[in-house]
Every structure is written in C-alpha cells, then in structure tokens.
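First to last, the sequence lines map onto chains A and B. 28 is the number of the first residue of the first sequence in our numbering; add one for each residue after it. 134 is the number of the first residue of the second sequence in our numbering; add one for each residue after it.
The set of hints was computed from the structure by calculation and includes no laboratory data. What you are looking at is a predicted structure, and each value in this text was computed from that prediction instead of being measured. Incorrect hints may appear among the rest.
Selected chain B positions facing chain A (in silico; Cβ < 8 Å) [claimed, not checked]:
(1) Ile-167
(2) Pro-206
(3) Ile-207
(4) Val-265
(5) Val-275
Anything over 12 Å on all C-beta distances counts as not near chain B; from chain A, calculated [said to hold, decoys possible]:
(6) Met-28
(7) Ile-29
(8) Phe-31
(9) Leu-32
(10) Ala-33
(11) Phe-35
(12) Gly-36
(13) Gln-57
(14) Lys-58
(15) Asp-59
(16) Val-61
(17) Asn-63
(18) Ala-65
(19) Trp-66
(20) Pro-68
(21) Met-69
One side only, chain A facing chain B, incomplete, derived with CB under 7 Å [to be verified]:
(22) Gly-48
(23) Asn-89
(24) Val-145
(25) Leu-187
In this text, a Cβ means the ideal position worked out from N, Cα and C, and glycines have one as well.
For reference, the chains in residue letters:
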Amino acid sequence: MISFLALFGVFFKIGMFTFGGGQAMIPLLQKDLVINLAWIPMKEFLDFVAISEITPGPVAINMATFVGYKLRGLTGALVTSLGVILPSFIIILIIATVAHTFRTNRWVSAFLDGLQPVVLALLIYAVYSIARGGIPAWWGYVASLGILLLILKYGKKLNLFLVLLAAGGLGLLMFR
Amino acid sequence: MERKKLIIYTAGHASVRKQLLLFWIFFIIGAFTIGGGYAMILMMKRYLAEQYHWLKDEEFYDMLAISQVTPGPIAVNMATFVGYTQGGVLGSVLATLGVSIPAVAVIIVIAVFFPGFKDNVWVQRFFAGVIVGVVAQIATIVLDMGKRQKWTIVSAVACAASLGILFFVRQVSPIWLILGGGLVGLAIEAFKPHGATPAATKRPS
Chain A
28 MISFLALFGV
38 FFKIGMFTFG
48 GGQAMIPLLQ
58 KDLVINLAWI
68 PMKEFLDFVA
78 ISEITPGPVA
88 INMATFVGYK
98 LRGLTGALVT
108 SLGVILPSFI
118 IILIIATVAH
128 TFRTNRWVSA
138 FLDGLQPVVL
148 ALLIYAVYSI
158 ARGGIPAWWG
168 YVASLGILLL
178 ILKYGKKLNL
188 FLVLLAAGGL
198 GLLMFR
Chain B
134 MERKKLIIYT
144 AGHASVRKQL
154 LLFWIFFIIG
164 AFTIGGGYAM
174 ILMMKRYLAE
184 QYHWLKDEEF
194 YDMLAISQVT
204 PGPIAVNMAT
214 FVGYTQGGVL
224 GSVLATLGVS
234 IPAVAVIIVI
244 AVFFPGFKDN
254 VWVQRFFAGV
264 IVGVVAQIAT
274 IVLDMGKRQK
284 WTIVSAVACA
294 ASLGILFFVR
304 QVSPIWLILG
314 GGLVGLAIEA
324 FKPHGATPAA
334 TKRPS
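Required output: the full structure, derived from the provided sequences and hints.
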C-alpha cells in the first residue's frame, strides 16, 4: 500500500516545482504517477485529466483529489490536495509579507513592469489554446465574440456566473 | 450599503465580516468556475477590485503577475496573496480553503457516485458551451490588461516576442518567458538616464 507520506511527497514536489499553473502540472504528474511510480494506468490518468478539466476549481487540485482518493480513499484525497496547495501557500505567504514594499523599491517595480507584457502574452495564448482545444464548432467562436461584446457593453451589471451557465445551456442546445 | 460593522479585529486587522467574506468570495469563485485558474481571473477582478474595492487595478495585476512567476496553481497563489493582504495569515488560510474546498468536494462526489460522468454526452455539450463563455471572459481580461499597459516600444516588443515564442516554439516553460520579461524590466531601469521617467526615455520611431 502506498503510504500517505509518499502521496504527500509526490504532490508537494510537483506543487513546489511547477511554474505556469495547473495545466503545466499535467505532464509532470503523468511522468511521475504513470511512468516512474506506476501507481495509475495511463487510461485512467487520462480520464482524471478529462474530468478535472470539466469540473469547477483549479485543475491541479481536482487532479490531486482524484489521485489521492483512488489510491488511499478520503484521507488520501485530503493528503494529496494539501500536498499540492501547501508549496504555493507558503511561497506566496513569504512574498506577501514583503509585498508592501514592492512598488517602493525601484528594482522590484521595474521587474514587475517587465513582467506585465509577458503575462499579457500568456493570457492571449491561453485564450487561443483553450478555444482551440474546447470549442467544437465555428459558431462557438462567434458566440464567444458575442459574449465578449456583451461583457464589454454591460460591464459590472452582467453576472459572470450566469454568463457561464447560459453559455453552457447554449452548448446543450447547439453542439451536436 | 450602510451596515453596522463588527469591530472585532483579527490578525490581519480585518473584521470578522471581512474574513468571512474573503472565504465566501473565493468559495463562490472556486465553486462556479469551470476551466481552471485562468477562468477565475475576471471574476476575481470583479469582486476584489470593482465590487469591494479592496485592491486597485494595478495591485490586482501585480498580484496576477507574481502568481504566474511563483510555482503552483495560479488560483491558489492569488487566493493566498489576496487573503494575506486583506486579512493576514487567517485571511490567507480562509481564501485558500475557499478556493480549494469546492474542487476537492466535487471530485470526491464524482469519484464516489458518478464514475461515468465525463462520458455523458450532455455533460460534454454543456462543458463545450461553458468554454465558449470562459474564452470570452479571458479575452475580456486581455483587453483590460492591454488597455492599462504602459505601452512602450520595449513592452510591445516583449509582448510580441513572447507571443511568437509561445506560438512557434511550443514546449517552452512560461517561467523562462516571465523571467526574461522581468530581466528586460531591470535592464531598462539600469540603463535609464538618472531621474528620467520611463515615458521620457521612449521616443516614437
């Protein structure tokens, strides 16, 4: 049986060393869980990924919960989820304690200014790759553009959760 | 919105009401956003910067940038960061739990009761529809962020170069791009004529 410590260790390591958010963790998880440790068969792993992508919440936490539950039940699920969350939590806490000095130091400020255009590029790329991987028909792109215009026009008055629900409803009706 | 405030201060000098609100906002975002961390950014900005005015827009985007340079899920990084600045250590714990609990709970429910969940054709269609909405929301953030960039020749080139690398080189970890951007920022600061403002050093070509 796989020990809780081993479970925790795998997810802590991946939470600690993966940059670029949850999506970037998937190939690393695959390498560790499916190939190196052989805890989970490939097919099942791919099922986990597919479900994590269509359930609420950060994909990394979805994945961790799934793997933990599968291998060691409820306790396992909590252990893996904590494992993937803790590194982020600790690192950000350390950074946040000095955050108030961020914009008062000219070097940190310059560094942050330098980050912004790259973060923007990453977001543009996220739009592209999410649309390409998830929108099945041409009119989905048109609908997406329509929703964008709605958000821009009505701004704060538009409830974003309802927008997502409505978009889901549209999918039920239209995607075949 | 005149309301009696509970004046019981906690570690982060935030009222109990604010601490609970921190948990609740991140819980709601965690529970209703499908598509991972990127899909949450617009909702976070709505709540934190526009509805409650806890953060200025620039602070929000600074936190977003830092959440991208640090390891781990972006949603967790943002939750911890916002939680700490608004409610101290307790706030950071509450916000992080808030954004994480729905993800854990949903997966356990699915694993226990609905193992065939993703093969359901209606689930697939619904999700494909939600993605249409998610794409529009991330595009909204792109436009907003683009609008408030201090656009200079250097930042435009940095953005275009990053896009070029992302689209054509693939397999490159975003961390190298982000660190590269930070280094460019430092270089500009280092070579800036003393006392000049960033805008003054740029000349239209």
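request  = Check each numbered hint against the structure and report the violated ones by number, ascending.
outcome  = Of the numbered hints, all hold.
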